[in-house]
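The listed protein sequences derive, respectively, from chains H, A and V. Start counting at 1 in the first sequence, then tack on 161, and there's your number in our numbering. Start counting at 1 in the second sequence, then tack on 321, and there's your number in our numbering. Start counting at 1 in the third sequence, then tack on 289, and there's your number in our numbering.
Keep in mind that the hints are not guaranteed to be accurate.
Under the rule of at most 25 Å between Cα atoms (straight-line distance), these lysine-lysine pairs were calculated in the DSS-like manner [stated by the list, open to error]: (1) 435(H) with 485(A); (2) 393(H) with 298(H); (3) 485(A) with 440(H); (4) 532(H) with 282(H); (5) 639(H) with 620(H); (6) 639(H) with 622(H).
Beta-carbon label-pair distances, calculated as ranges [claimed, not checked]: (7) 330(A) with 535(V): 50 to 58 Å; (8) 469(V) with 548(A): 32 to 40 Å; (9) 431(V) with 437(A): 17 to 25 Å; (10) 381(H) with 327(A): 47 to 55 Å.
Short, incomplete list of chain H residues facing chain A, as computed with Cβ under 7 Å [as the list claims (entries may be wrong)]: (11) 221; (12) 222; (13) 223; (14) 231; (15) 235; (16) 316; (17) 318; (18) 323; (19) 421; (20) 546; (21) 577; (22) 578; (23) 581.
Just so you know, the hints here were simulated from the structure itself, not pulled from any lab data. Just so you know, even glycine gets a beta-carbon here, dropped at the ideal spot from N, CA and C.
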Amino acid sequence: MNDRTLNWTPSDDAMVENAIRRGATRRELLHMLLAGGVALTASGAILGRATSAHAATPKSGGHLKAAGWSASTADTLDPAKASLSTDYVRCCALYNRLTFLDKSGVTQMELAESVESSDAKLWTVKLRSGVTFHDGKTLSSQDVVFSLMRHLDPDVGSKVNSIAKQITGVKAVDPLTVEITLANPNADLPTILSMHHFMIVQDGTTDFSKGIGTGAFKLESFEPGVKSVAVKNPNYFKSQGPYIDSFEYFAISDDNARVNALLSGDIHLAASIKPRSMKLVESQPGFVLSQTTSGNYTNLNMRLDMEPGNKADFVTGMKHLINREQIQKSVMRGLAELANDQPVSPASIYYNAELKPKVFDPEKAKFHFEKAGLIGQSIPVVASDAATSSVDMATLVQQAGAEIGMAFDVQRVPSDGYWSNYWLKAPVHFGNINPRPTPDILFSLLYSSDAPWNESQYKSKKFDGMLVEARGLLDQAKRKAIYDEMQVMISEEAGTVIPVFLSNVDALSGNLKGLEANPLGGQMGYAFAEYVWLDA
Amino acid sequence: MSTYVLNLIAVRLLIAALTLLIVSFAVFFATAMLPGDTATILLGQAATPEAVAGLRTAMHLDDPAYLRFLRWLGGFLSGDLGTSYVNNVAVADLIGGRFINTMRLAGITTLFSVPLALTLGITAAMFRGSLYDRAVTILTIGVISIPEFMVATSAVLVFSVYLKWLPALSFANDVTSVWQMLQVYAMPVISLTFVVAAQMIRMTRAAVIDTINTPYVETALLKGASRPRMVLRHALPNAVGPIVNAVALSLSYLVGGVIIVETIFNYPGIAKLMVDGVATRDLPLIQSCAMIFCIGYLSLITLADIIAILANPRLR
Amino acid sequence: MTQSATLSQKFGYRFSWVGMIGLSIMLFWGIIALIAPHIIPHPVGEIVDEDYFGAISSRFWLGSDYLGRDMLSRILMGARYTVGISLAAVSIACFCGVVLGMTAAVVGGWLDAALSRFLDAMNSIPGKLSGLVVVAAVGSSITVLIVTLAVIYTPGAYRFARALAVNINTMDYITVARTRGEGIFYIIRSEILPNITGPVLADLGLRFVFIVLLLSGLSFLGLGVQPPYADWGALVHENVGGLPFGAPAVIVPSLAIASLTISVNLLIDNLPQKIRDRNA
């Protein structure tokens, strides 16, 4: 696509955020889609072009070096298994998706020419013609069938297996047409297909270390846990980009080292810097920051089926004891948006703006703790560096508790194995949830009675019924009304405190141009490599 | 004497092999005790029971852990390090290049730090109590008291960010000339020297001073030998045992303990590999790295023991 | 003999003031550790400064940390952990290591071989792995922390003490003592120990430094001091982002560590002669 703008500045940031909040374009689009099964192609392309009217002229050439924050021997080029941000960046450079989300959160077509349905249950995907893989083979519907169906195979170990399960069949109608059948109607399918795991690989691929895709770059070398180098794909199907000749990506896990490598000129981009590093980057000339708030959050979970979360007053008390403003201001240094204990972010069109965050009120909290008979007891709170900033949040809660005579015993546990040992298990613990593209996915994964990661063991028949009802609803306004109510239910009834949505900040050298914020995450939704260029 | 040394080495090799076996068992039990396995950890937040079961089958993790361990051990004895659970790459390939990097960094640091430390330690002992001795002591302890990550980060800030003399990252593979090699290795080697030299300096000084106090050295002093000469000729040979042990212990750190330097300078060595292995419960990788660390440590201390025995005629 | 004695006495006398300085700094931190809870100006977990990495000011004598918490309070409380835990751990490690090392050297034979190999094996197990196993098996508490630190540093102390003792063990006076029919305990206590005290104490001083630093490393494995408290090493680590600005939040805890470790080592180097050397 042809997304090009000037460098990121705070005012652009505000502008885009407002646009996302309004969600106007998206709503219109969905409305069109749902009313008449209109393809997303045309409208999307027009919108895409309209927003890039003031673009600078990209320059070709150069070797881009960029550093993420996490790498290990588990690094993979298999999109289904991708789990670290470094995996996403590499996959985005090598492969393409059927659809993708642009900077306003609007679904755009990539390998697909259109994704259409009249009942939101049977979907027809038309592919672009003339797209070739790096090895010269032409993209065909068979590749799409293979790429989607493998998520259902338990041996693959796909990260999105639970989401893919709603797909009951994928059929190649002709070389450029695929039919996807869903178990139940789901109008979100085009958005779901924009998730990084649903990248299109070649039919029959078992060895992913070669990285054969249709993407903007061809893999030159890949060492898991060390680095990868890719060179420009001369036969790329998009008319514009990539601009850089070659792209080197690796991880520097130490935050200060990553920032220092940027400032010393060793790299052009340092992904996801900590709020406390901003002072340093800002003090040096020639560097810019790019901020994204995309629905990632760290939350405090109280299991409703265990002591002390089984006392409703404890949960209510905690929701009033958490000082959201202080977390936003001191822990995140302003790089966060206040949240209201439910997972749908303000960037979503389904966000319930009426639902206000609970006020920090220690006296009210004390009243509830006294009612629950918990004053004087010491409550263990499990935190870990694995869940971003959770140790700092825990100490804030601890301090606020100390002032009203409520003792919290903060237990900082190893990052190692946190997700399998403590998360979902400890009575009071922290979690960290990555953004998901639709409320339906968030609710099904985290809050329905049979949700695999029901963090607080929230069970409500009413909620479950509403979830199924909304998923099948074709009327977007009615759907929004149901989602609004569900957000209130989570905020009031579930045992999860979601204090803020965390922002991601990437730091770039001044000569790296073309990077924009994207709702799918930092580094332009991890796909920056094909859109950016290096100014001399 | 040479048959004596050969015998000694043969016995020590045998014992070393036994130690290796014990360590591999210990590492296996330790890994088995850690909660979570490769499948659950790789899936992370996506670890639904079905997904875990599927991945376990696909990765051949269904066999009991001890069977997998025995299989690894059998392979190891026949020279095969096995295959990583996580990415199906031969462990030997994963370790290969990184092992060379680790050895290169350890080698350069040794060449730099051992002579420096011995010189400082011996001269401090010679002039015990002088201003020089006191300065060496305070500097040594001061330097080692600064956490390693702070030394490394400060060095990067000064030499890379502000002065722009040196690259902030040390990719060993990109080295093509001697000048580049100096640039790439300067900061990691200095940071590591800070860490390992202190123990050698302090122990050398202490051991030499201790032998100065023995009667025969005092006799030499009485006979009118100069203090430096006395230290070099009489005290030093008797202090060799403790000194080589201190050197061996310090250097063993360079094989497996340089994780902080590897992280901050993004230097691809095996310490990081081991950390990755532990994080993903990748048994063949953990075992192979542990064996490398153990072999490195055992060779160093065995060498130290042999030198100590050779240096002290009474121990033979 | 006489020349050496006069030399030592001369130096011993001239040095003692350095030792005194070391001792007073240690005592200072010891007293701070005891009275810290009563003298801290702010609770250690409370965010009192809007800014972060704040400079030294009349309100915050040592500036503020990355969250805006008062550094003075955090350092004063940190003394409790760094001084207390490190001293306890280093004493246990060196006591066990030295006793085992001397015994192995004197008894020799299979005991020596078995002990040496066992401790070598222990030293070969990667620290991170053992740390994680400890957390998984017994959880985290200050006692567990001290024992873990002691266990990690015992093999090193053992190896060094054994190397020293083996050398002494070959001396004529040991052979004399043996032929006199002295027991192992007597030989260790009266003949070996006094002759290796100097290097052993130097080793202890160094091990103390290592333990002070490792303490913060273990807190990242979940084994260390629990929030809101932090030992000095952890304070340096969590505030290292303030290094480019020369923030007191990172400089002051580093200085605190250096002052403590240097003073411990100065004191050891300048102990009165009769403790340090056998000939006095």
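Do the hints match the structure? See the list:
1. Distance hint between residue 435(H) and residue 485(A) is fulfilled; the C-alpha atoms sit about 23 Å from each other, no more than 25 Å.
2. Taking the CA atoms of residue 393(H) and residue 298(H), the gap is near 18 Å; set against the 25 Å cutoff, the hint holds.
3. With a CA separation close to 20 Å, the supplied pair residue 485(A) and residue 440(H) stays within the 25 Å bound.
4. Of the pairs offered as hints, the one joining residue 532(H) and residue 282(H) is violated, with about 49 Å between alpha carbons and a cut-off of 25 Å exceeded.
5. Distance restraint check for residue 639(H) and residue 620(H): the Cα-Cα separation of roughly 23 Å lies within the 25 Å cut-off, and the hinted pair is therefore satisfied.
6. With a C-alpha separation of about 20 Å, the suggested pair residue 639(H) and residue 622(H) falls inside the 25 Å cut-off, and the hint holds.
7. One distance hint, 50 to 58 Å for the beta-carbon pair residue 330(A) and residue 535(V), holds here, with the actual separation near 53 Å.
8. One distance hint, 32 to 40 Å for the beta-carbon pair residue 469(V) and residue 548(A), holds here, with the actual separation near 35 Å.
9. Range check, residue 431(V) to residue 437(A): about 38 Å between beta-carbon atoms, so the 17 to 25 Å window is missed.
10. Separated by about 50 Å at the C-beta atoms, residue 381(H) and residue 327(A) satisfy the suggested range of 47 to 55 Å.
11. Among the interface hints, the one on residue 221(H) is violated; its C-beta lies about 24 Å from the nearest C-beta in chain A, farther than the 7 Å criterion.
12. Contact between residue 222(H) and chain A, as hinted, is not supported at the beta carbon level, the nearest pair being about 21 Å apart and thus beyond 7 Å.
13. The restraint placing residue 223(H) at the interface with chain A is violated, with a minimum CB-CB distance near 17 Å, outside the 7 Å limit.
14. The beta carbon of residue 231(H) is not positioned within 7 Å of any beta carbon in chain A (closest approach about 11 Å), and the interface hint is therefore violated.
15. A distance limit of 7 Å between C-beta atoms decides the matter here; for residue 235(H) the minimum to chain A is near 5 Å, and the interface restraint holds.
16. Interface restraint check for residue 316(H): the shortest CB-CB distance to chain A comes to about 4 Å, inside 7 Å, so the restraint holds.
17. For the restraint placing residue 318(H) at the interface with chain A, the shortest Cβ-Cβ distance is roughly 4 Å, inside the 7 Å limit, so the hint holds.
18. This hint holds: residue 323(H) has a C-beta 6 Å from the nearest C-beta of chain A, less than the 7 Å allowed.
19. Below 7 Å, beta-carbon pairs count as interface contacts, and residue 421(H) has one with chain A at about 5 Å; its hint therefore holds.
20. At its closest, the beta carbon of residue 546(H) sits 13 Å from a beta carbon of chain A; the interface hint therefore is violated under the 7 Å criterion.
21. Given the 7 Å rule on beta carbons, the hint for residue 577(H) holds: about 6 Å separates it from the nearest Cβ of chain A.
22. Among the interface hints, the one on residue 578(H) holds; its C-beta lies about 4 Å from the nearest C-beta in chain A, closer than the 7 Å criterion.
23. Given the 7 Å rule on beta carbons, the hint for residue 581(H) holds: about 4 Å separates it from the nearest Cβ of chain A.
The structure shown violates the earlier hints numbered 4, 9, 11, 12, 13, 14, 20.
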